[in-house]
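Trainee: Same order as they appear, the protein sequences are chains A and B. Oh and the first sequence: position 36 is 36 in our numbering, straight run, nothing missing. Oh and the second sequence: position 31 is 31 in our numbering, straight run, nothing missing.
Calculated from the structure, these hints are not laboratory results. Hints are supplied without guarantee of correctness; some may be wrong.
[As the list claims (entries may be wrong)] Selected chain B positions facing chain A (in silico; Cβ < 7 Å): (1) ILE5; (2) PHE6; (3) VAL9; (4) ALA40; (5) ALA73; (6) GLU77; (7) GLY81; (8) MET144; (9) HIS159; (10) ARG179; (11) GLY202; (12) SER252.
[As the list claims (entries may be wrong)] For lysine to aspartate or glutamate, the following EDC-like pairs were computed, each having C-alpha atoms within a straight-line distance of at most 16 Å: (13) LYS132(A) / GLU244(B); (14) LYS222(B) / GLU87(A); (15) LYS224(B) / GLU89(A); (16) LYS146(B) / ASP76(B); (17) LYS132(A) / GLU226(B); (18) LYS51(B) / ASP50(A); (19) LYS146(B) / GLU105(A); (20) LYS238(B) / GLU103(A); (21) LYS222(B) / GLU105(A); (22) LYS260(B) / GLU90(A); (23) LYS224(B) / GLU185(A); (24) LYS20(B) / GLU87(A).
Note that beta-carbon positions come from the ideal geometry of N, C-alpha and C, so glycine has one too.
Given next are the chains, with one letter for each unit.
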Amino acid sequence: MPESPDNTKSPERNPLWSGTLSFGLVTIPVELYPAIRSSAGVSFRMLAPDGTPLQREYYCPQHERSISRDEIVRGYELDDGGFVIVEDEELDALAPDASRDIELERFVDPRELSPLWFERPYFLLPNTGVTKPYGLLAQVLEETGRVGIARFVLRGRQQLVAIIGEAGLLLAQTMRFVEQLRSAEAIGLVDAASVEVDPAQVEALRARIREHSSASLDPEELVDERAARILARAQEKLAAGEDVVETEAKERHEAADSQIIDLADVLARSLARPEPQRRPRPTQPPPGAPPSIGSDASKQELYELAQELDIEGRGRMSKTELAEAIERAQSRI
Amino acid sequence: MPSSIFNAVLEFGELEIPVKLYSAVEPRGPSFRLLHEDDATPVRQRFVHPKTGEAVNHDAIRRGLELPRGTVAFTDEELAGFEPAPSRTIELLEFVEPSALGPAWYDRPYFLGPTPDPEARRAYVAMARALAAEGKLGLVRWTMRKHSYRGALTARGDHLILISLRAADEVVRVAELPRPQWAAASRQEHEMARQLVGMLAGGLELEQLRDQHRERVLEYIKAKSEGRVRELPAPHAKRASAGELSEALAASIARAKEKKVA
Chain A
1 MPESPDNTKS
11 PERNPLWSGT
21 LSFGLVTIPV
31 ELYPAIRSSA
41 GVSFRMLAPD
51 GTPLQREYYC
61 PQHERSISRD
71 EIVRGYELDD
81 GGFVIVEDEE
91 LDALAPDASR
101 DIELERFVDP
111 RELSPLWFER
121 PYFLLPNTGV
131 TKPYGLLAQV
141 LEETGRVGIA
151 RFVLRGRQQL
161 VAIIGEAGLL
171 LAQTMRFVEQ
181 LRSAEAIGLV
191 DAASVEVDPA
201 QVEALRARIR
211 EHSSASLDPE
221 ELVDERAARI
231 LARAQEKLAA
241 GEDVVETEAK
251 ERHEAADSQI
261 IDLADVLARS
271 LARPEPQRRP
281 RPTQPPPGAP
291 PSIGSDASKQ
301 ELYELAQELD
311 IEGRGRMSKT
321 ELAEAIERAQ
331 SRI
Chain B
1 MPSSIFNAVL
11 EFGELEIPVK
21 LYSAVEPRGP
31 SFRLLHEDDA
41 TPVRQRFVHP
51 KTGEAVNHDA
61 IRRGLELPRG
71 TVAFTDEELA
81 GFEPAPSRTI
91 ELLEFVEPSA
101 LGPAWYDRPY
111 FLGPTPDPEA
121 RRAYVAMARA
131 LAAEGKLGLV
141 RWTMRKHSYR
151 GALTARGDHL
161 ILISLRAADE
171 VVRVAELPRP
181 QWAAASRQEH
191 EMARQLVGML
201 AGGLELEQLR
211 DQHRERVLEY
221 IKAKSEGRVR
231 ELPAPHAKRA
241 SAGELSEALA
251 ASIARAKEKK
261 VA
């Protein structure tokens, strides 16, 4: 992980990236946190037939033993089937400035940004202490209605990013590069000029679009129906005492909104306000158990592994889905 | 030419337009896997019983959903029952302004392509033109690969684009965080910051923004595999701006002026 410029960082603070944000000669120490809630949706524990929660572990088929997260590295595949191990630090060193600094190159009208390009949303929060320039940039971006455009290297890969000011905070939205998007021509979509369109049909459709227009969209309309139904059924089962399994309280997952708590903590530290009540962290695996990725912090670790493998759609996956996707990526022979 | 990943019917009231879905994203290489550091063997995953340390067969595993008051087990068959019924319909629900959806909501983009039928093509292009003329996004719902999706339908040129949207509880919204009260900048600093943003304002020119780093990565991987590795400088962190914010702003403005003149 890249070194934070601030050595006094608390161990509980775990940004995805830390460095600086600069515009002109103004430099602001910042940290990057995902805005996608990793605990969304339904997430299952794997249970033995007797109901005991199982431990997930990674193992080496060659050595036939389980291995810990520290022993896992990312390997790039070569044409001959071999692998080259390359650490993030090496990739960062290929772009020494861009891996530590987000330099705002220009400020653009957000209407120029096509939704086709949007990849992942993040929060950029100030590293403790240097907040005046941060607040000023957020304010000016919001007032002028402009977004900042920059490129920087995150986890060994270059990202194109839009920096947005909202309610005193800076959001970073990564975007796809032009090379990452297929064109209509490349897909072989028909050239519309060859199609004879009836203007009356267009007008009729326009009228119907107007009839069915809403003034706004409540994000709550974007529901995960499957998750809601599963949760409802689980409540029913619990009430009926059906298929209920005994688990110790300390094995339960962290509260769903630990992400908000973490982000609010980071903000609070920056503002030097008293910290909100922390929820207890999950306990360590019992001593003597095999070193494992394990049940504690496992969703976070799985997410990190999925990040290493750059698995598409990882932000919307449950813990189970992450594990399955990692397994599929690993199973290619 | 890539093949379509799904055949569907775009439904708007009684209007039905057969379409094919294509991924709009070109996968970005190079590809990599997780390896055991010692011997570069690709790692595998398994589940073990915490007490015996023995691996449990996949078929024997039950899935437990943890609720605050207890954990409930589901079998794979039960969970399969929650999958949405297969459907080929992309249903248009309503239309909204593009500004109704912030960037964070957008997930994966797809191109919709028309089928060869002339009537379908006319309807397809008419729909694209109508959507573009009204300047609206269509909110849609569809099912694909055992998942139900919400998406935004938009026009680009005379083509229809569909972008899947994240679920409400996936995105942490700014409104959910405490509103910060930062140390206030002076009026002068504020003026200078606005001036600087104005000077650095411009068009996006996405074509000019390329991923230069990727080429270097591919070269480096090749070089490393051939044993030719050169010493790379350690990345260095920038310091916070030297001196007062107002000095840094003033110097930035001066520098931006020079660049414009040059």
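Trainee: Checked against the structure, which of the hints given earlier come out wrong?
Mentor: 1, 2, 3, 6, 7, 8, 17, 19, 21, 22, 23, 24
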